[in-house]
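K.L.:
So the chains spell out like this:
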Amino acid sequence: MKEQETLEQRLGEQGVSRRAFLKFCAALATMMALPPSSASAIAAALAKAKRPSVIWLSFQECTGCTESLTRSHSPTLESLIFDMISLDYHHTLQAASGHAAEQARDEAMKAFYGKYLLLVDGSIPLKDGGVYSTIAGRTNLDMLEEAAKGAAAIVAVGSCAAFGGLPNAQPNPTGAVAVSDIVKDRPIVNISGCPPIPAVITGVLAHYLTFGELPALDELGRPKAFYGETIHDRCYRRPFYDQGKFAKTFDDEGARNGWCLYELGCKGPTTHNACATTKWNGGTSFPIESGHGCIGCSEPKFWDAGSFYTPLSAPAADVATVAQVSMVAGAGAAVAMGALDRVKKQKLQQSREKLTVEDLKGD
Amino acid sequence: MDAQELLIWVRGAGLQIAAAVFVLGMSYRMLHLLLIGRKKSLAEARGSEWAGGLRTMWQRSFVLPKLSPRGRFTVVAGYLFHLGFFVTLFFLSQHIALFRAVFGFGWPALPRGVIDIAAVLSLGAMVALLAHRLVDPVKRLLSDYQDYLTWALSFLPLLTGFMLLREIAFEYVTLLTLHIASVELLLIAAPFTKLAHMFSTFISRWYNGAVMGFKGIRT
Numbered sequence: 076m077k078e079q080e081t082l083e084q085r086l087g088e089q090g091v092s093r094r095a096f097l098k099f100c101a102a103l104a105t106m107m108a109l110p111p112s113s114a115s116a117i118a119a120a121l122a123k124a125k126r127p128s129v130i131w132l133s134f135q136e137c138t139g140c141t142e143s144l145t146r147s148h149s150p151t152l153e154s155l156i157f158d159m160i161s162l163d164y165h166h167t168l169q170a171a172s173g174h175a176a177e178q179a180r181d182e183a184m185k186a187f188y189g190k191y192l193l194l195v196d197g198s199i200p201l202k203d204g205g206v207y208s209t210i211a212g213r214t215n216l217d218m219l220e221e222a223a224k225g226a227a228a229i230v231a232v233g234s235c236a237a238f239g240g241l242p243n244a245q246p247n248p249t250g251a252v253a254v255s256d257i258v259k260d261r262p263i264v265n266i267s268g269c270p271p272i273p274a275v276i277t278g279v280l281a282h283y284l285t286f287g288e289l290p291a292l293d294e295l296g297r298p299k300a301f302y303g304e305t306i307h308d309r310c311y312r313r314p315f316y317d318q319g320k321f322a323k324t325f326d327d328e329g330a331r332n333g334w335c336l337y338e339l340g341c342k343g344p345t346t347h348n349a350c351a352t353t354k355w356n357g358g359t360s361f362p363i364e365s366g367h368g369c370i371g372c373s374e375p376k377f378w379d380a381g382s383f384y385t386p387l388s389a390p391a392a393d394v395a396t397v398a399q400v401s402m403v404a405g406a407g408a409a410v411a412m413g414a415l416d417r418v419k420k421q422k423l424q425q426s427r428e429k430l431t432v433e434d435l436k437g438d
Numbered sequence: 031m032d033a034q035e036l037l038i039w040v041r042g043a044g045l046q047i048a049a050a051v052f053v054l055g056m057s058y059r060m061l062h063l064l065l066i067g068r069k070k071s072l073a074e075a076r077g078s079e080w081a082g083g084l085r086t087m088w089q090r091s092f093v094l095p096k097l098s099p100r101g102r103f104t105v106v107a108g109y110l111f112h113l114g115f116f117v118t119l120f121f122l123s124q125h126i127a128l129f130r131a132v133f134g135f136g137w138p139a140l141p142r143g144v145i146d147i148a149a150v151l152s153l154g155a156m157v158a159l160l161a162h163r164l165v166d167p168v169k170r171l172l173s174d175y176q177d178y179l180t181w182a183l184s185f186l187p188l189l190t191g192f193m194l195l196r197e198i199a200f201e202y203v204t205l206l207t208l209h210i211a212s213v214e215l216l217l218i219a220a221p222f223t224k225l226a227h228m229f230s231t232f233i234s235r236w237y238n239g240a241v242m243g244f245k246g247i248r249t
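Taken in sequence, the protein lines are chains A and B.
Note that my numbering has the first sequence beginning at 76, numbered continuously upward.
Note that my numbering has the second sequence beginning at 31, numbered continuously upward.
Hint data in this document are derived by calculation from the structure and do not stem from the laboratory.
A hint or two may mislead.
Restricting the straight-line Cα-Cα distance to at most 30 Å, the calculated cross-link-like pairs of lysine-lysine (DSSO-like) are [what the hints assert, rightly or not]:
#1 B:Lys169 - A:Lys420
#2 B:Lys96 - A:Lys419
#3 B:Lys69 - A:Lys422
#4 A:Lys420 - B:Lys96
#5 B:Lys224 - A:Lys429
#6 B:Lys169 - A:Lys422
#7 A:Lys420 - B:Lys224
#8 A:Lys419 - B:Lys169
#9 A:Lys354 - B:Lys96
#10 A:Lys202 - A:Lys125
#11 A:Lys299 - A:Lys376
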């Protein structure tokens, strides 16, 4: 029975040494801001951990989250640990299709009821009975509600599952919502990002395997270890922000000198994520290092926060037109009131009785 | 509504509402003020209204008159606050980015160090002016609720802006929301309070000078 194999056995089979495994555990502990001593605890727990059943539901999504996880870099310990879970259902990755695929999901849900981890990527459309996204003739809502009942915990992978993401952006034609808008009685952890950082999902899974519970979460349900700080606070260009040195265009002197991208629309100051520390593509870089500002993809409603290239200090909506219309309206009202004043004045002057010499003579 | 949605609102709809109230209210009040007009004088005056008006505009703006210590403090602290406010408003790089986005043009920014000094001086002057207003019996008697309201409305954008650049006490997203919201309150209140002097002050200075410079019989 493969499910009964421990992680250590599996890693050994795949040629991963114990030394490499311990290094991985130490890196995980560091990444999640746990004390150094917890590395050995993680190693001990992970070594004994049985492969938990994982059901992965993909709803209104672009598969970018799965791509991020599986194609980020050639096999590493992160991807191996991802192998260590028993992925019993995943559209993109599973070999089975059609009825066989749905059967695998049903069987896993029955066999591990109350114990399996439910991973969700993509938002759930509610409008018109949820017809805008169906799998095997069933709506996403129906499938999520059924799968959530037997889940030990739910991991919402990516900004669509966590906050609604792109499908939820104005005008939200399908009535898309996040997992947490539907499921209220199960622990949910949001791993937001478009896509999320692969190491973050590995870290959350490792934490779950080690401690049997989800890590500490912020007010938006994101693991604090990864979303506790903003991109801005950890950005290597931060000193330029503090000095007021900004690139004005993508190819000016400031951009070449690596100055702050705030005025080119960087949303780093309001975005909580670990890009600046864990980085992407096997630790190569993150967007700001490539000369593009952060677009704020791990925050709710990031598609509706105005242009990606509008600075945070500038309006997210058209204020100039509003001001022009208001000026015309204000001036029009002033002219109208001025005319009214004039008419009133004239009337008063006309109604005034003229003083004559006779009046002055008096009695 | 989470922190991000609140920020989107203050940067979007909230700012549109504030801008509409401010521009409509100000353009109405200023133009209406000018359209009231002045009575035509039938007698020839010895002095020139324009010369008197312009002289007073200059004197009240740029010449420090001989004053009592109390008067001197009010004038110096008042100038310090206004200058600091203008420097931070018009010469902080982030603000120029805002003007560029709205008006389509910008201008060079001052270094952050200069802005910081201006902001601190401005904040200090405002606190001193409020303390003086509360301590000095004459000033206290002359003050009504509007003086305290307009003080708070001017103080908050400066304070939240200063905190925002250093992320003091709150997160960036919270401070940015508070900063923009405080500016919106200032914009909304401006046309209907003493803050309208931001546009009428030179009109009234000219008027005062013109009355004094007329030198003739009023008919």
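K.L.:
Taking the hints in turn, state whether each one holds.
P.N.:
Hints versus structure:
1. B:Lys169 - A:Lys420: 39 Å, violated
2. B:Lys96 - A:Lys419: 45 Å, violated
3. B:Lys69 - A:Lys422: Between Lys69 of chain B and Lys422 of chain A the Cα gap is close to 16 Å, so the pair holds against 30 Å.
4. A:Lys420 - B:Lys96: 43 Å, violated
5. B:Lys224 - A:Lys429: 41 Å, violated
6. B:Lys169 - A:Lys422: 43 Å, violated
7. A:Lys420 - B:Lys224: Cα-Cα ~28 Å, so holds.
8. A:Lys419 - B:Lys169: Judged against 30 Å, a Cα distance of about 39 Å means the pair is violated.
9. A:Lys354 - B:Lys96: 64 Å, violated
10. A:Lys202 - A:Lys125: 40 Å, violated
11. A:Lys299 - A:Lys376: 20 Å, holds
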